[in-house]
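Going down the list, the protein sequences come from chains A and B.
Reminder that position 458 of the first sequence reads as 458 in our numbering, one-by-one numbering, no gaps.
Reminder that position 104 of the second sequence reads as 1104 in our numbering, one-by-one numbering, no gaps.
Hints were generated in silico from the structure; no laboratory data involved.
Hints are not guaranteed to be accurate.
[As the list claims (entries may be wrong)] Listing some non-contacts, in silico: residues in chain A with all C-beta distances to chain B over 12 angstroms: (1) Pro6; (2) Asp20; (3) Leu28; (4) Glu68; (5) Arg155; (6) Ser173; (7) Glu200; (8) Ser247; (9) Phe250; (10) Ser251; (11) Lys261; (12) Ser285; (13) Thr288; (14) Pro368.
[To be verified] Computed cross-link-like contacts, DSBU-like style, restricted to lysine-lysine with a CA-CA straight-line distance of at most 30 angstroms: (15) Lys264(A) / Lys107(A); (16) Lys1164(B) / Lys107(A); (17) Lys481(A) / Lys1164(B).
Virtual Cβ for every residue (Gly too), placed ideally from N, Cα, C.
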Amino acid sequence: MAYSFPEEVLEHVFSFLSSDRDRNAVSLVCKSWYDIERWCRRRIFVGNCYAVSPEIVIRRFPELRAVEMKGKPHFADFNLVPEGWGAYAYPWIAAMAEAYPFLEEIKLKRMVVTDESLELISKSYKNFKVLVLTSCEGFTTDGLASIAANCRHLRELDLRESEVEDLSGHWLSHFPDSCTSLVSLNMSCLGSEVSFSALERLVARSPNLRTLRLNRAVPLERLANLIRRAPQLVELGTGAYSAEIRSDTFSNLADAFSACKQLKTLSGFWDVVPSYLPAMYSVCSGITSLNLSYAAIPSSDLVKLINQCQNLQRLWVLDYIEDSGLDALAASCKGLQELRVFPSDPFGAEPNVPLTEQGLVSVSEGCPKLESVLYFCRQMSNAALIAIAKNRPNFIRFRLCIIDPQAPDYLTLEPLDTGFGAIVENCKELRRLSMTGLLTDRVFKYIGSHAKKLEMLSVAFAGDSDLGLHHVLSGCDSLRKLEIRDCPFGDKALLANAAKLETMRSLWMSSCFVSFGACKLLAQKMPRLNVEVIDERGPPESRPEGCSVERVYVYRTVDSRQRLDRPDFVWTLDEDSSLRYS
Amino acid sequence: MSMPQEHDYIGLSEPLPSEKSSDKTTAAAAASNVERNGVFSLKETELRLGLPGSEAPERKGGVGIGIGIGIGVSLFGKDESKCVKSGAKRGFSDAINGAGKWGLSINGGSEVDLGQKGGVNVSAVKREIPPLEERKNEAAAAANTAPASKAQVVGWPPIRSFRKNTLATNTPKKDDVGGNSGTGTSCLYVKVSMDGAPYLRKIDLKTYCSYTEISSALEKMFSCFTIGQCGQGLAAKENISESHLMDLLHGSEYVLTYEDKDGDWMLVGDVPWEMFTDSCRRLRIMKGSDAIGLGMADDVQKHNIFDRALIFVTLICAAPRTMQKCKSQN
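The task is simple: from the sequences and hints, build the whole structure.
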């Protein structure tokens, strides 16, 4: 273009683009747009920390302020990825400490973060504001103390479900008296007791505090005082919700709650004494999100609480709610968008509560806005799934876990193919699906034909042959993440669809029938994929041809070198692309 | 829905002779599995499952049946007849010879020339679904038998550790909550570190019933590190005889210790097993030399002359011995 806008104008225009996709599209228009865009990009999301190297990121985007990154594959949550596999945050933190002195936000998920990293963060960035560590591990409360002590402008410290080595609660006392900037504090995953007076003072001097998630060690008797100091709270996570039943404790708590006019989200509720639940009733009409998934509350008390929360949009609950409770939910909460029902006794051989597929059917009938479900139960039928699909064609996320992994339709003893087929056929906007139960290749055929918007699929103990995998890889146009365990899928489908793998973020297959030879071949043919054979039994060459590998993790990457931090049970293609894996 | 077809691919209506031979080779491994669970007879189990990381009996030549298709028989804690049902459902082809009749037309594979080059052996696996009648009978039989004790598949049901551990310690206040409310912990992951090893492991204490079980499991898990001390690739290329391995372990004098609820480091084996699982927060395989420094010299010496399983266990006296509070080396 002969005449173009001055760079500053373009930069200003681009500043209105927040979505990564838009910015990526803009970068592809021409070289000058690429250049302008990369200088003004402030936020970046890296879905797989091994898909790119810190050097490449820093070279392209010199002025980042916020970095969000994910490490281990999702199945790491269920102990399927051995310890020591990787996803270390330190190399990134160290590189960014040099390159981005003005970095403000770091959000990590499923990564290994050390105290060293935390200390480096706390000392490298003068304006550091947001640290969110979701399902991370590798650090102790000492690391938290560094963050508390050194980050003068800290706004968010959120440790969602991270595994922290809890040396003491003393870290909280490291927040200096001058720190008044806190907006969000989530310490719910920590075990030890913090100093309550320090906590109260911290809360009292943080006028912008909107999110406070306490840990189990904060007793109910302390809750009222804390809430009183923060009536502006929007999200509250209680500590243990139990105490001796005393009317003064109760009225104190009820009073404190009634002052919180902005409260929208409640969570926590470890060790619940149901008699204290009514203390919250004054705020229930404003509650949109309720996480009771750690609370052992009988169905009747749950129903009473839910009936107060007419505006509920999200509910996470244990199966103590029972089918009857879900019926009540369907009747009361017409705005419900997301439901998660977790099992209270997942390892028990027999059902311990009357919660069946019926509960899910009721909710799908009664809640027209329901779009996201995670449901653990012990029996399912095709009829129920078909009904659910017809009731709720607007599902975006549908994750069903039947505790017995190959359970057939309990009424007809047939596979659940038609049921899940109905789900993908009716729910045209479905982006995420997890399936369990007795499933043949047929269900994968349905998925390949209908699930055109599906981005993530989780499969366990399903299918009959490579055909199943082939259907999914060849049919699901939007597929980004595929994770498979214990399915009879092997080399043929994998190799026939090798090109597809480059269009996805990652593929995980464990306890399937993929041979080492196929992995080598795939790695050789597809240089932009990393094919990691994760096998703890020693060198894969030492086993007969055709033996299956324990796990294979395939992901696309623009970083041409093999990662240097891999442990000895991860086998990848050698540098010189020879047939030898090391 | 019409009567389901009985799928019979590649001649799998009956178990192949090759399967039977593999069953024999799996017998030894399965035997140890039975010891662990002490529940059901081997005859009922047609197939053994191999969990990732466990010994894979199929690694002898010939039968390349993939391990860890996993559900197999023993792991879903239902009764024996259900186990049989699972076994009967599955039939596997002889993987080494590949699948002649598989018949998938591979579209889109032409751009990438990924035929049968490179000697890639394809395992075509077919799983039989028994006809409806058979399944109904099995289900009825299953319903009448008492459930066997449960062993667990790794990562199943798919619940995060954080939630599992919280559930485990969550005791409902009212008795009427649920029917069978929380029979205590159902699964208990603890980290196991070993001095000198580059990374640690996690194990579920609930899958073991005794000190001998846990010590042999840990030995297996960490033996790769001790072998590694002889040099790379030895394990694959040369035969490390069992006695050689034992010499290594004896020689290095490893001692198993654990950190209890109070943060004290104790020697494993002093207290009754249940008490141990209740109070153990973390395990550490410590070099005997470190233990010696803390006054354990005599016991370490004694360990060396015992059977290998007892390297990690002292059963000498019941009184708990507290070692100095030692900081974790992490």
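A quick look at each hint next to the structure:
1. Residue placement check: proline 6(A) keeps its beta carbon more than 12 angstroms from all beta carbons of chain B (closest about 44 angstroms).
2. The claim that aspartate 20(A) lies off the interface holds: its Cβ sits roughly 27 angstroms from the closest Cβ of chain B, which is beyond the 12 angstroms cut-off.
3. Listed as a non-interface residue, leucine 28(A) keeps its Cβ farther than 12 angstroms from every Cβ of chain B; the least gap is roughly 23 angstroms.
4. Under the 12 angstroms C-beta cut-off, the non-interface status given to glutamate 68(A) relative to chain B holds; the minimum distance is some 20 angstroms.
5. Listed as a non-interface residue, arginine 155(A) keeps its Cβ farther than 12 angstroms from every Cβ of chain B; the least gap is roughly 25 angstroms.
6. Interface exclusion of serine 173(A) from chain B stands, the closest Cβ pair being 20 angstroms apart, more than 12 angstroms.
7. Look at glutamate 200(A): its CB is around 25 angstroms from the nearest CB on chain B, clear of 12 angstroms, so calling it non-interface holds up.
8. With a least beta-carbon separation of about 18 angstroms from chain B, serine 247(A) lies farther than 12 angstroms from that chain, consistent with its non-interface assignment.
9. At roughly 15 angstroms from the closest C-beta of chain B, the C-beta of phenylalanine 250(A) stays outside 12 angstroms, upholding its exclusion from the interface.
10. In this structure serine 251(A) is separated from chain B by more than 12 angstroms, as the shortest Cβ-Cβ distance comes to about 21 angstroms.
11. Against the 12 angstroms criterion, lysine 261(A) stays outside the reach of chain B, whose nearest CB is about 30 angstroms from its own CB.
12. Against the 12 angstroms criterion, serine 285(A) stays outside the reach of chain B, whose nearest CB is about 26 angstroms from its own CB.
13. The claim that threonine 288(A) is not at the interface with chain B holds, since no C-beta of that chain comes within 12 angstroms of its own (minimum 23 angstroms).
14. The non-interface label for proline 368(A) is consistent with chain B: the shortest C-beta to C-beta separation is roughly 29 angstroms, beyond 12 angstroms.
15. For the given pair, lysine 264(A) sits about 23 angstroms from lysine 107(A) by alpha-carbon distance, which is consistent with the 30 angstroms threshold.
16. Taken as a hint, the lysine 1164(B) and lysine 107(A) pair is honoured in the structure, with Cα atoms around 25 angstroms apart against an allowance of 30 angstroms.
17. At roughly 25 angstroms between alpha-carbon atoms, lysine 481(A) and lysine 1164(B) fall within 30 angstroms of each other, so this suggested pair holds.
Of the numbered hints listed earlier, not one is contradicted by the structure.
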